[in-house]
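Q: Order-wise, the sequence lines are chains H and E.
If you want my numbering, it's the 1-based position in the first sequence plus 103.
If you want my numbering, it's the 1-based position in the second sequence plus 1474.
These are calculated hints, taken from the structure and not from any lab test.
Computed from a prediction, not measured in an experiment: that's the story for all the values here.
Yeah, the Cβ is synthetic: ideal placement off N, Cα and C, and Gly gets one too.
Among the hints, a few may not be true.
[Unchecked claim] Derived coverage of chain E by chain H (criterion: at least 3 residues anywhere in the stretch with Cβ under 8 Å from a Cβ of chain H; other residues may be distant):
| hint | stretch |
| --- | --- |
| 1 | 1481-1493 |
| 2 | 1503-1517 |
| 3 | 1527-1538 |
| 4 | 1542-1555 |
| 5 | 1564-1574 |
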Amino acid sequence: MNVGLGASVAFWVMGAAAVASALGVVLARDMFHAAIFLVVTFLTVAGLFVTLSADFVAVAQVLIYAGAISILLIFAILLTREVQRGNLSNRLQAPALFLGVLLAVTLVVAFLNTDWRLSAESPPDSTTNAIADSLFSSFVLPFEVAGVLLLAAILGAILLARGREED
Amino acid sequence: MAGINHYLVLSAILFAIGLTGALAKRNIVTVLMAVELMFNAVNLAFLAFARFVTPAVLTGHIFVLFIITVAAAEVALGLALVIAIYRNRETVDVTTADSMKG
């Protein structure tokens, strides 16, 4: 029973932290604070992945989101001198808030009124082996295509960021 | 023990926060950060379904891994675009990039 209680406490603590830091990303006045809040969100979501017994994906989340993507975003904040102006909102603030609340309420009502076909099976202790097995058998084509996509993204990013040749 | 609805409601809240941020912010970098929040919310929903509906089959995990891959590619390209826009216009304010407006 202790494991269930621990998982429950972990869910509520990390869920509250995730929502609070996500609000921080949107509401922070300073771009840097927003970026730091984003890292906190990534880490708490990784913790939530652990409570869903998705250990491999949680590690991938920490490595790629909290490690790589947030560093890229901080680079972008540093390279553009918009930091001094702060994290401003545009004129669509009220409609955007309305749309966000509407979407959240719709989704929550839909989720709570759906009868999910739940399974009582317990997940495997470690997901890494099972993920590797299906990634390199049933999903080998998407895996290879993802490699091509990453190559194309790198080349495109280099081409875009290099800019026009001055002649 | 938190059930599937707990995770789905949390994911809906995170997605709505991300959507609001993506629509209401001026700085392109903040818009990108809000889009990343939405990706995270979707990943959370995927893993909740994988855990509670099909615990033995890990297709949800595979899907999340591919979403993370595509998100990394998207951020790399998006930030290259941010740099290109900043070099041309000296600003990354999305409200000023309206030359296609009819």
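Q: How does the coverage statement for the stretch 1542-1555 of chain E fare against chain H, requiring three or more residues with Cβ below 8 Å from a Cβ of that chain?
A: holds (count 13)
Q: Using a Cβ cutoff of 8 Å, are there at least 3 residues of the stretch 1564-1574 of chain E near chain H, or does the coverage claim fail?
A: Held - the stretch 1564-1574 of chain E has 5 residues with a Cβ nearer than 8 Å to chain H, which meets the minimum of three.
Q: At least three residues with a C-beta closer than 8 Å to a C-beta of chain H: is that true for the stretch 1503-1517 of chain E?
A: With 9 residues closer than 8 Å to chain H, the stretch 1503-1517 of chain E meets the three-residue bar; holds.
Q: Cut-off 8 Å, C-beta pairs, minimum 3 residues; does the coverage of the stretch 1527-1538 of chain E by chain H stand?
A: Result for this restraint: holds, n = 9.
Q: Quick check: the stretch 1481-1493 of chain E, covered by chain H? Criterion 3+ residues, Cβ under 8 Å.
A: holds (count 12)
Every hint, counting from the list given before, is met by this structure.
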